[in-house]
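Peer 1: Chains as they are written, first to last, in this note's numbering: chain A, 1 to 316; chain B, 1001 to 1670.
Please note: incorrect hints may appear among the correct ones.
Covered stretches of chain A, going by a simulated chain B footprint (3 or more residues, C-beta under 8 Å) [unchecked claim]:
1. 5-11
2. 41-55
3. 229-235
4. 293-302
With a straight-line Cα cutoff of 35 Å, these simulated DSBU-like cross-link-like pairs (lysine-lysine) come out [claimed, not checked]:
5. A:49 to B:1192
6. B:1192 to A:160
7. B:1438 to B:1393
Chain B stretches covered by chain A per the calculated footprint, using a threshold of three residues with CB under 8 Å from any CB of chain A [claimed, not checked]:
8. 1303-1313
9. 1631-1637
For the record, the hints were derived by calculation from the structure and aren't laboratory data.
On a predicted model such as this, the values are computed, not experimentally measured, just so you know.
Just so it is clear, CB atoms sit at the ideal spot from N, CA and C, and this is done for glycine as well.
Below are the chains, spelled out letter by letter.
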Amino acid sequence: MIKYTIKRLLQSLITILLAVTIVFLLLRLLPTDYYFTEDQLMKFTTEQKNAALEAAGLLDPVGEQLVRFYGQILHLDFGISRRIQSGIAVTQVIGSKFEVSMRLGLISLAISLVLGVILGILQTVFKDKLIDHLGTVYTVFVNAVPALVSYSLVLVFGSKVLGLPALYSTRNVGPSSILPVACLSLASIAGYALWTRRYMVDELTRDYIKLAKVKGLNTREIMISHVLRNAMVPMVQYIPASMLLTIGGSLLVERFFSVPGMGPLLTDAINRYDVNVVQTLVMFYAALGIVGVFLGDILMMLVDPRITLTEKGGAR
Amino acid sequence: MNMNKKHMIDRRTFMKAAGAVGAAGLLAACGGSSSSTGTAGSGAASGSAPVVDNGGDPIANLVTWELALRELQTWNVLYSQNAADLNVLCNCVNGLVTNNIYGQFVPDVCTEWTQNEDATEWTFKLRDDVTWSDVNGEVKANLTSQDFLVGLEWVLNAKKNENMNTSMPNNYIVGAKEYNEYTNELGEDEAKALTYEDMLEHGVGISAPDDYTVVYTCKVPCPYFHTVASGACLFPAPKALVDELGVDGFLGLDNTTMWYTGPYVVNEYIQNNSKVFVPNPNYFNAANESRFESVTVRIIDDTVVGFQLYDAGEVDEMELAEAPASTILADPNHKYYNNVVEATPKKYSYQYHLCFNRKNEDGTPDENWNKAVANTKFRQCLMHGLDLLDSYKRVNQLKPLDLENLCYTMKGLCTFSDGRDYTDRVIELLGYPKSDGKQLRRLKDITQLKAECMEELSAIGVTFPVTLYSYVKAGASTDGMLVLQQIFKDCLGDDFVKLDWLNYITSMDQEIRIPHLACWYGSGWGADYADVSNFLGQEILHDDNAYYAHEYSYIAEVAEDPKDYQKELIEQFEEFTRLYNEANAIVDDTDARYNAFAQAEAYFLENVLTVPNYYEIGLQLTHINLYSKINTLCGIAAYKYVNWETSTEAYTADDFAAFAEVYEAGKGVA
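Isolated chain B (complex conformation) (with noise of 0.2 Å):
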C-alpha cells in the first residue's frame, strides 16, 4: 500500500461501506446527513430507523456524569494533557483532524490532508466555513490558518503555556524544540511578548500558505503525522481572543471567556456540581452531525452512589463497580438482570511490567528476584501459567474473557489495508488459539517448564519460592491483591513463586518505583498517536525516550553492566530493538510497516519481556448505544456528544449484541 497518497473527506467513503452493509441505522451512527435541528438518537442523524428499536425515544437532554476526582481543571485545550478535560473540550473546539466511529481518522476543520514522498511534509487543506464563536452564540471570528500558527506558537513557548503539550511538537516538527528551549530561557515578560512571527523566524516547520492551508514540516519521516494533528498539542488558538485576554487571560480561560468551534457551548458551569452544554449555533458540521438539545454532565462522588442516581432515573448511564453489578447479576429477578452490558474498552493496554533490575530496601541487588527474572522460562511461567481469570471477574463479571490482553499494543489502534487489526497478526505470529469461551488463550500446561526452570535457577543459586513483590497504598482495598496472591498460590504453586506486597504512604513512585522496590508494575498505556512506534518505543534500549526501559523495568541499567545471568536477557531486548528499529524505518508501506513490527512484537511477547494483563471493559446500564460514540484511542474526541443513539428505554444485553454485530460487519466493509 503506498503511503503517498490524499487523504479526502474519509467520510463518504465510510458512508459508501455504511451502506454496502445494509444497516440503516449505522447512518446514525456515523453521520449521514440530517437536519442541523435533530436531537441525537435512534436514528436522528439522518431520519433512518435506529439499530435496535426497543420501544423507547431518542433522549433529547441527555444527563450522563462525571467522577469529582476527575473535574475538569482547565478550558484551555492547548494547556489540557488530562483526558478529564479534553472530555469537555472535544465538544467545544476542533482540531484538524478526528476519529469516526470505528477508530479511523477523518478530517475535522480540515477537507483533507496530503503527505510528501518520504512523509516529511504535511499539508492540510482547511474549512472556510468554520467560525469562532463565544458562549453566547456570537460569530467572532472566522477560523483561518493563521489560529494555527498562533496556537503552535502558544504551545511552544514555555511562558505561556509552561511546557505543556510540548513532547510531540518537540518530536516531529523541525525547530520546534529549539524554540521551546529558547522561550524556557528567556526572561518571562520577553517571552510572553513573543508572537507566530518569531516562532517562524526562529524556522519552527509550520506555515500558512494561505488563509485555509497549514503546512507542517517533520524532522524525520512520519507517516503517522496525521495522528499526532488529532492532539490538542496542534489545535487552533483564535489570535482575536489572545490579544484581548493577554497571556494570563488566555490561560485561565473558563466557560464564558472561551471561544467556540465545537458543537456544543456550555452555558452552565458548575465546578464540582454540573456542565450544561447545548448546541453552538454556528456548528459547522451541524448539516451532517446530530446533536442533542443539551447535555447535562453531573459531578458524583462514586459510581456506588451514580447506581442510585440510575436508579433513581437522574442520569441516563451508569458504569457499575464491582458491588452492585455482583448483587444484579446474582439475581435473575433482578430488574436490572437483562440490563447490564459490557462497555466498550477503553484506551489502554495493561501489562505487568517486570523490574529485571529490583533493590532490597537497603538498596542492595536483590539477586534472588532479579536472577529469576532474567530467566526465560521463569517468565514464560507467568504468563503462560497464571489464570488470571478470577481477577478479570472483579471488573467484568459478564464476560471476563474478553478482558484478556495477549498483545503489548492496544488493539484497534492501526489496522493493515485490508481492514485486519495489527493485534490480530501478532496473535496470529504468537499461535494463540481461538477463545474456548471457557479459559483464557494464553493458558499451557506449566508442569515441565517450571521443572526445568527450577532446575536451572536452583543451579546459579536462586532459592524457592522465589517472591514476587508488587505494592498497595497503604489503607486501600487489598482485595484485588488477596485475589491475585491466591491466583499464584493455585497456578504456579507456593513452592515456585509466592506473591507479595509493599506498602506506600503518599506516592508510588517515590517509594516504591525509584527505589526500584517492587518485582512488577501493573501499568496502562494510552496512545498518544496511531503508530505501533508509540506502544513499542517505550521498550527498546538505547532510546532516551523510552519510557518502560528507563522507568520501569530498568533494563537501560541492565543493558549498561549486565551480569552474566542477565547476558541472555539483554540479548533479547536487543534483538527486539534491533526488529523495533527495522519496521521503524518502514515509512512508504504501511502494511509492510505494520508486518515488521508485529514481528517484532512476537518476539517481544515470545520471550515475554513483560506480561500483558488486560483491556478495561466494565460493565454498565445504559440508555446510549456505545457503539454510537466516537472510538478513539488517540486524539481527544472521545466524549463528543454527536451522533449518539439513545433511547429513553434502557438498553438490554441483546440489544447490545445487535449493536456490536452491526458494528463489526460496518467496521470489516469501512
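For reference, chain A alone in the conformation it holds in the complex (with noise of 0.2 Å):
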C-alpha cells in the first residue's frame, strides 16, 4: 500500500508537470493580441505592444520562458496577474475565490448526494411507478434543457415568485446563495438519482438477493443493507472528486449569478492572455484532479474489502 501510494504521488507529480507544460507551450502559440484589449489593439503602436509583452517577458525565447518558469514552481512562485487583477500576486487572486466556490459547491453536493440517492431508492422500490415515472422525467427535463434556459426559469421564478435576490451578494451571502446552489444542484441531482437506480436496479437480479428474499429478510433490509450498500460501490469512487472540484466552481452557474467564484476565472484568464494564472489554475486543477482520483480509490477501498490496491493487479 504503502510502495503504490508513493509511486501513484511520483507519477501524479510527473502528470501534473506534463499537464501544466503542455499547457505552458499550447499559450504561446496563441496570438498576443489576447493580451491587449480592443481599445489597446487600436490605439498602441507597435513598439507599446512590444514594450507590454516584454515587460510580461513574454517575447523572451519560450525555451528560456519554460525554464524560467519551472524555477518559479521550484519556489512556489506562481507570479503575478497582469491582466485579470494587474500586478496582484497570482496566488492572491485565486485565493479570493476558491472559497466562495467550495462551499456553495459542497453544500450543492451534501443537497446533491442526499437528495439525488433519495429519489434514485424511491425510483428503485418503486420501479414502474408513479414516483419512478416523475424521476425519469426529472432526470430527462434537466439533461435536454439546455442549462441556461433552467437557470432562467430558477432566476424568473426565486426572484419573482419567492423575492429571492437575483445575484449573490457578499452582503447577503444566505439568500443570495439560494438560486445559484439551487441551479448547481438541479443536474447533480438527477445525476445522482439516474446512476442510484441503475445500480439498484442491477443488484436487484442479483443471486444473493434471492437468496436474502427466501431467507425471509424484509424488503427494506434487502434495500438498504444489501441493495443500496452494494450499489453505492461504484459511485463512492467519485465522491472525493467531486468535493475537491468544487473548489473549480462552475461557469455557466458563477456567471450567471455573478457569483465571485473559480468557476470563470480560467476561461477569463485565457480569454486575456494572463499566463501566470492560466499556468497556476491547470496546475491547481490537475492536482486535485489526481488527488480526487487517489482518494476515490481508498474509500472504495475502504467500502468494499473486496477491493485492494496493489502495485499490480487488484481492482484497478
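Since each chain sits alone in its own frame, please combine them into the complex, following the hints.
Peer 2: Now the structure itself:
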C-alpha cells in the first residue's frame, strides 16, 4: 500500500508537470492579441505592444520562458497577474475566490447526494410506478433542456415568485446563495438519482438478493443493507473528486449569478492571455483531479473490503 | 476667435447659461451649489425642481451594472488605457481638466489654465484644497504640483509603468519621448530608482514653479493641450504613497491601498461580483456636486440576464439587447413599452474602412477588388446606394435613423465659437438634405452612377459581380452579416457587388487584417483628445502615426508604388493630406482651424475614402436621466456619479424627450 501510494504520487507529479508544460506551450502558440483590449490593439503602437509584452516576459525565447517557469514552480512562486488583476500575486487572485466556490459547491454536493440518492432509491422501490416515472421525467428534463434555459427559469421563479436575490451578494450571503445552489444541484440530483437507480436495479437481479428473500429478510432490510450498500460502491469512488473539484466552481452558474468564484477564472484568464493565472490554475486543477481519484480509490477500498490497491492487479 | 486666452472656472459661465434657459433642473444636472450631503437625484444638487417630475423620488443608493468581460483590470489610473477601468477610477481620482454634461472642458483639480501665444506652453493653477485620502477617509496628504511631476515620471518610466499611456506625452511634451526611451534602455533596478528630479534633469517639459502651479512645454504648437490634460496619462501620483508601497506595490494598487481625491471611495470590491462606492468625506468639490449615498456596480454576464435583473428591481438601469427590445416594442401593452428610451451616443464614430490593397489568401493582389475600390464612382455607389437602416434596427428599433453617421469625426467633439458642432459644418459642405424622418440622408439614386462605374471598370478588366469580403469570428452569430448581405442584394444588385465573408478563429488582426484579406473593416474610433486631427490624422499620407492609413486601408503601401488604376485614388489622398496639413497648421484661431478641417473632411467624404457607418445609440430601461451624466468624448469622466438626476420611478420616452429638449436648449446657450 505505501509503495503503491509513493508510486502514485510520483506519477501524479509527472502528470501535473506534463499537463502544465503542454498548457504553457499551447499558450505560447496563441496570438498575443489576447494580451490587449480592443482599444489597446487599436491605439497602441507596435513599440508599445512589444514593450508591454516584453515587460510580461512574453517576448523571450520559449525555452528561456519555460526554464524560468520551472524555476518559479520550484520556489512556489506563481508570479503576478497581469490582466485579471494587474500587479496582484496569482495566489492572492485565486485565494480570494476558491473559498466561495467550494462553499457553494459543497452545499450543492451535499444536497445533491442526499436528494439524488433518495430519489434513486424511491425510483427503484417503486419501479415502473408514478414516482419512478416522475423521477425519469425530471432526469430527462434536466439533461434535455439547455442549462441556461433552466437557470433562467430558476432565476425568474426565484426572484419574481419567491423574492430571492437574483445575484449573489457578499452582504447577503445566505439568501443570495439559494438560487446558485439550486442551479448547481439541479443536474447533479438527476445524475445521482439516475446512477443510484441503475446500480440498485442491477443489484436486485443478483442471486444473493433472491437468497435474502428466501431467507425471509424484509424488503427494507434488503434494500438498505444489501442493495444500496453494494450499489454505492461504484459511486463512492467519485465523491472525493467531486468534493475537491467544487473548488473549481461552475463557469455557467457563477457567471449567471455573479458569484465571485473560480468558475469563470480560467476562461477569463485565457481570454485575457494572463498566462501566469492560466498556468497556476491548470496545475491546481490537475492536482485536485489526481488527488481526488486517489482518494476515491482508497474510499472504494474501505467501502468494499474485497478491493485492494496493489502495484499489480487488484481492482484497479 | 483668439485662442490665446485664460480659461477661468468655466462652470460659472455654464451656470449663467443654465439660468438663461430657465431650466432649474439643469442646475442639478451640471452642478450648482448644494449641500455636500445631498443625494444625487432630481434636483438634489441645487435643491431645485427636477427637469421632469415623474412622481418618483431621487435614488439614494444607486445600483448599476457592468459586463463581466469588462471587469476592472487595474486600480492604477496611470497604468490603465482601458475604458472599463477608467469608468471606475474617474470616481476615485481627478486630473487637471474634466468635462461638463455638454462635453465642454472645465477645471477639475485646477482653477484655471493659460497658454502662451503659440500654444506651446500651458500653465495650470491648482486648487489648494484637494487632499489625498485613504479608503477609510483619513487624509494622507495635500495634492500639490509635485504629484504631477511624480505622475509624469511614473508614466514615462518604462520600468515602472511598462510603457502604458506614453503615446500622448511622447507626442506632445518636450523631452518625454527621449526620457521614455532612456528608461527603456536602462536596467530594471536602475530605472525603478529614478525620481522626478532625474526626469527634470533630462529636460522633460514639465515644471512646478510653486506648490500649486504646473507648467507643460509642448514640442510644437498644441492648441488643444488642455484636452490632452484630461487624459489619464497626465494624472497625479502621490509621492508619499509611491514611497510607501514601492514601485511594485504602486503598480499593483487595489481599492484598499490606493489614495483617493475623487467624489467616492470604493469600500468593497469583489472581483466579478460587485464594487461599492461611498462618498469620500474629504472630496474637494462636495459643496458643488451631489452624490449618491452609495453606488453599487454589479457584474453581470450579459444584458439578457440584465433585463431579468431590471425586471426584478435589482438594478436601476439596463441596456436592452436586440431580443428583449423587440419583444417589448412589438407589444404596446407590454409593461415597459413606454419606458424604452434611447441612450446618448457612445464615444465612437464607426466607419467601414475600405482596403485599397486587398490580397488573396495565397498572398497575391486581388486585382478585381483593388481596381474596383480605386474607382471613385464605385465607392460612391457604396456610400450612397447602401440603405443600412435594417442594420441599424438591430441596435435601435425605436429611432434607427438617429444612428446614421455622415462624417468621419465624432459629433460633439469640437464646436465653433458660436456653439455649432463641427460635424454640422462638414454635413453642410457635403450638401446632405435634412432628415425626412423616413430614410437615410445619404441615400441617392445610383442607377446612372452604377452604369457608368460598371462601364469604366469593365474597360480595365474588372469582372462582375465584385465580391466584397468582410469577416466574422468562427462560431459567432452571422445574423448581422446576413442582414448586410441582404442590403447589398437589395440596394446594389447581385450583378454589381456581392457581400461574402471570411471566418477567423482567434485573432482578426493576425488572420484577416495583417494578411490584407478583408475588403473593408468595420471599426470605431474614439477620441484621445478633443481635436479633429485625432480623427482625420489617422487617414493621411506620409505620416507614420496615421493608424488607419497604415493598418486598415493600407493606402500608405499603395502610395509607395501605385498602379495606373490607383493614381487618381492617390491624388485624392494627397489632396486630402494637403488640406489636412493646412488646417493643422492653424493654431491661433479655432474657428479657422475647424473650418479648414471641415473642408478636408468634406473632400475626404465626397470622394468616399471611407464609408461612414453609424453611431452607437442603443436602447435602455432606466431610472437615470442620461443627459445629466458628464459627456466626455475623451478624458475619463463619463461614469462619474455626480449630479445625476434619478427617480425611483422609471423614466419614459416622453420624459426623455423633455430631457433632450432642455439639454439642447442649455447646450445652445452654454
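Peer 1: Flag every earlier hint the structure violates by its number, smallest first.
Peer 2: 1, 3, 4, 6, 9
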